[in-house]
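S.K.: Protein chains in written order, with the numbering used here: chain X, 10 to 386; chain A, 1239 to 1744.
Hints should not be assumed to be uniformly reliable.
To be verified - Output of the computed footprint for chain A on chain X, the stretches with three or more beta carbons under 8 Å from beta carbons of chain A:
id	segment
1	258 to 265
2	273 to 281
What the hints assert, rightly or not - Label-pair distances were calculated between CB atoms; the ranges are:
id	chain 1	residue 1	chain 2	residue 2	range
3	A	F1612	X	S225	32 to 38 Å
4	X	V118	A	G1694	46 to 52 Å
5	A	P1295	X	A136	25 to 31 Å
6	X	I132	A	G1495	51 to 57 Å
7	X	V176	A	H1552	52 to 58 Å
8	A	S1331	X	Q126	32 to 38 Å
9	X	T252	A	G1694	44 to 50 Å
10	A	G1371	X	I132	43 to 49 Å
In short, the hints are calculated from the structure, not lab data. Ideal Cβ placement from N, Cα and C applies to all residues, glycine included.
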Amino acid sequence: MNLASRLKQSWRMLTMVFALIAIWIIFQWVTDGAFLQPRNLSNLFRQMTVTGTLAIGMVLIIVAGHIDLSVGSVVCFLGVILTMLMQKGWSAESALMVTLVSGIAISAVQGWLTAFQKVPAFIVTLAGMMIFRGASMGVTEGVTIPLEDSWIKTFGSAYLGQEAGWVLTFVAIVIFASLRVQKYRNSVAHGVSTSGFGSTLAMIVAFSSGVLLFNSTMSRYEGIPYPVLLMIVIMVAFHFIATKTVFGRHVYAVGGSVEAAHLSGVNVRKIVLGNFLLMGLLTTIGAMILTARVESAQPDAGQLLELDAVASCVIGGTSLMGGKGTIYGAILGALVMESLNNGMSLANLESFWQYIVKGVVLVAAVWLDVVSQKSSR
Amino acid sequence: MVAQQLLELHDIVKEFPGVKALDGVRFDVLSGEVHALCGENGAGKSTLMKIISGLYPYGSYSGELKVNGTSRKFLSIKDSQSAGVAIVFQELSLVKELTVAENIFLGREPSLFGIIQTTEVLMRTSALLKDLGFHMDPSQKVGDLGIGQQQMVEIAKALALDAKILILDEPTSALSDTEIEVFLETIRRLKKRGVGCVLITHKLNEVFAIADRITVFRDGKSVTTYNAKDVDEHKVIADMVGRELTDMYPRVSRTIGGPVLAVHDLTVPHPTVPGKNLLEHVSFTVRKGEILGIAGLMGSGRTEILMSIFGALHGPRTGSIELEGQSLAFASPQEAINHGFALVSEDRKRLGLVLEDSVSRNIALASLKRVARFGVVDDSNENKIANDYIDALRIKTPNSASQVKNLSGGNQQKVVLAKWMLTKPKVLFLDEPTRGIDVGARAEIYKIVNDMAAKGVAVVMVSSELPEVLGLSDRVIVMCGGRVTGEFSRDEATQERIMAAATRFS
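Make a model of the complete structure from these sequences and hints.
M.R.: Here it is as structure tokens:
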């Protein structure tokens, strides 16, 4: 990839990062320095994990030209299944297994209706949103179900030890650096145009300082929270799926042009169904994290979560027209959304403001996209 | 009537970052004439039209634009419309769900207190259509009309604005031969009414059939302007490409082997009209290394043959398809591709390419399994493959990471061909492989197709361009009304014989 198109691509990410930094500085100022405390940042990252996890799956669904509005309700419903089974004396493992199977089954039905029966995903998942909200209220009879003690709670409040944190940080840096160097060597060997070793080095330095800063901040409180670690692993895995695998390529091709993909031998229906199945997996993980964090399942848990996830994707540069969007962008989007939530509560702003501000930011982000695309034409 | 100068352009210069798209262009249009604009893709024809129509506003170019002798500064398409300039774009801009009348009056519906005067719309439309000599029902949905008739609606829409200058950008690229005849007749009538037409087309036979003057563009400059009766096709082509194009259809000696694809009695019923068939008892064979041309009018079933065999038409089908003696029936393009079929579709922008994606991704799209290991795509390998094809097919692109939507039509088509070459096909289907592509790139595409056949690929080519069918094919079958109405060897085939078979309706 040449420099110009690479710059154009990362321009969007860079503006996002700057916007995020600006938001953080504003909150730091408004909250008299409470916002950027390690403790608060640790909280912030922990709080974004559910939205972030769902946004990761949502990106792929939106890129393929669909949407999933049911995830908030399904997260709630799966939390209910998990806690109820454990209340009945099931082990954490087997309860989680059943939850996962349920999550996959739900998304399989929704994906099948969308991909094979051609019912629009908007309708299928809007229905799913109502059905599973209703089911959750019915099954719980409106009562909160506590989560029994088990290792699942690790994903709510536990932290990775500091030593482990540092080891992991260095492992990450080594892996990143060697992958980059490998890529550089490959491109030289294939004689593909590259922007020199300087940019490879710059990327390694930037990555290392970012990771070191992150880990040292987290260490100054309790260490990296387990749910955050889990989200990072999922993020990297899905970024790999989206950009490096045949499946991922096909997702983007389907979103770019269904007809062209179909005539090029892409099995469009399988791709769409596959997206929904991955979403099912992520919904289950989201349900586990959320249940562990609040240590219970509540019939109104996860409300508006689907819209937060969609908003994160869109703020992160995903196009609702399909074909365009990145996993990292969506995570940045989720971080922006959660920073707004966290900062405004910290500044003791009434909660109605949070909705208004989040709405304004959502429109502003997309407006900027549209304007910048017009001017680049 | 003395011809007056309707439109004059002087010293037009238009620059894009890094490129001079137009460099001191002169152009004019007289009343009652057709002034054809010829040139390869990228020569600057479309850019000039966008300036005339106000799409590129005054200030984004330098030079002078005069309408009826007065200098004008168009800032939008509305400005040019009110000055009497109407443009009919290559891609139709009609709303398929609305009727003919509604489309013609879209945006300026006669209304009373916000209520559309439906009767007035219908009456004015039918008066307009009658005046133009178009036979169609004003209350019919545009989506139900054929492409040719849609084109006429588009022209009627432009003329409903009382345009004096009509710009036609590749107006016949989607029309069948009979439709083209009707279209040319329409233009002749407009000439008599004093309308000045600018005709942009790659089809030189149309240019010579109708144009009074011809201006050739090359590399952003207006090279020459001829009176049409003073020049011939050869001279114009030579001016367009800047060199003599000796032979468009190089005769390559190929060894034709045994049958690869044998189709027998293929019948496909019409999906919505009961009792009607898209294809009826179609049989043909293609051999290894052979190019089989399929000629016929629009709607004769040419495209459907390819789509049906390729598994891209849903619904029932009878008859047999044999690949190298093995009986097959594909339910999806995926199966067809796995068996060594490739399809270059007629609409490359919609069906052939993922426009937002890069050149390399488009080339790899149909062979990702081969480019990948354990489901993981090897980026550098993908790039290397793409670069190999960019070199081999001489695809003009900044690099393999450029978006295909920024490439010219000819280069986009080469990307499509590269995509299929990479799948190492046994059978290659081409559907209108050179539609909207300029002369120079055409010759290169013919060479690519010839080379593939020489390597043993069985090629089936559907085309509306008879010279192309005659020049490239070893054998030609002719379709009419879903049936095969003629088969000719290369030596037997002539334009007259093919046209006779193509109109042999039973």
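S.K.: All hints are to be evaluated individually against the structure, with a verdict given for each.
M.R.: Results of checking the hints against the structure:
1. Check on the segment 258 to 265 of chain X: 5 of its residues sit with their Cβ under 8 Å from a Cβ of chain A, so the three-residue criterion for coverage holds.
2. A count of 4 residues in the segment 273 to 281 of chain X with a Cβ less than 8 Å from any Cβ of chain A is obtained; the coverage claim is therefore met, three being the minimum.
3. The beta-carbon spacing between F1612/A and S225/X, approximately 37 Å, falls within the hinted interval of 32 to 38 Å.
4. Under the hint 46 to 52 Å, the C-beta atoms of V118/X and G1694/A, about 48 Å apart, fit the expected range.
5. A hinted range of 25 to 31 Å is violated for the C-beta pair P1295/A and A136/X, which are about 48 Å apart.
6. Between I132/X and G1495/A the beta carbons are some 53 Å apart, a value that agrees with the proposed interval 51 to 57 Å.
7. Between V176/X and H1552/A the beta carbons are some 56 Å apart, a value that agrees with the proposed interval 52 to 58 Å.
8. Range check, S1331/A to Q126/X: about 33 Å between beta-carbon atoms, so the 32 to 38 Å window is met.
9. At about 36 Å, the beta-carbon gap between T252/X and G1694/A misses the expected band of 44 to 50 Å.
10. A hinted range of 43 to 49 Å for the beta carbons of G1371/A and I132/X is consistent with their spacing of about 47 Å.
Violated hints, listed in ascending order, are 5, 9; each of the other numbered hints is respected by the structure.
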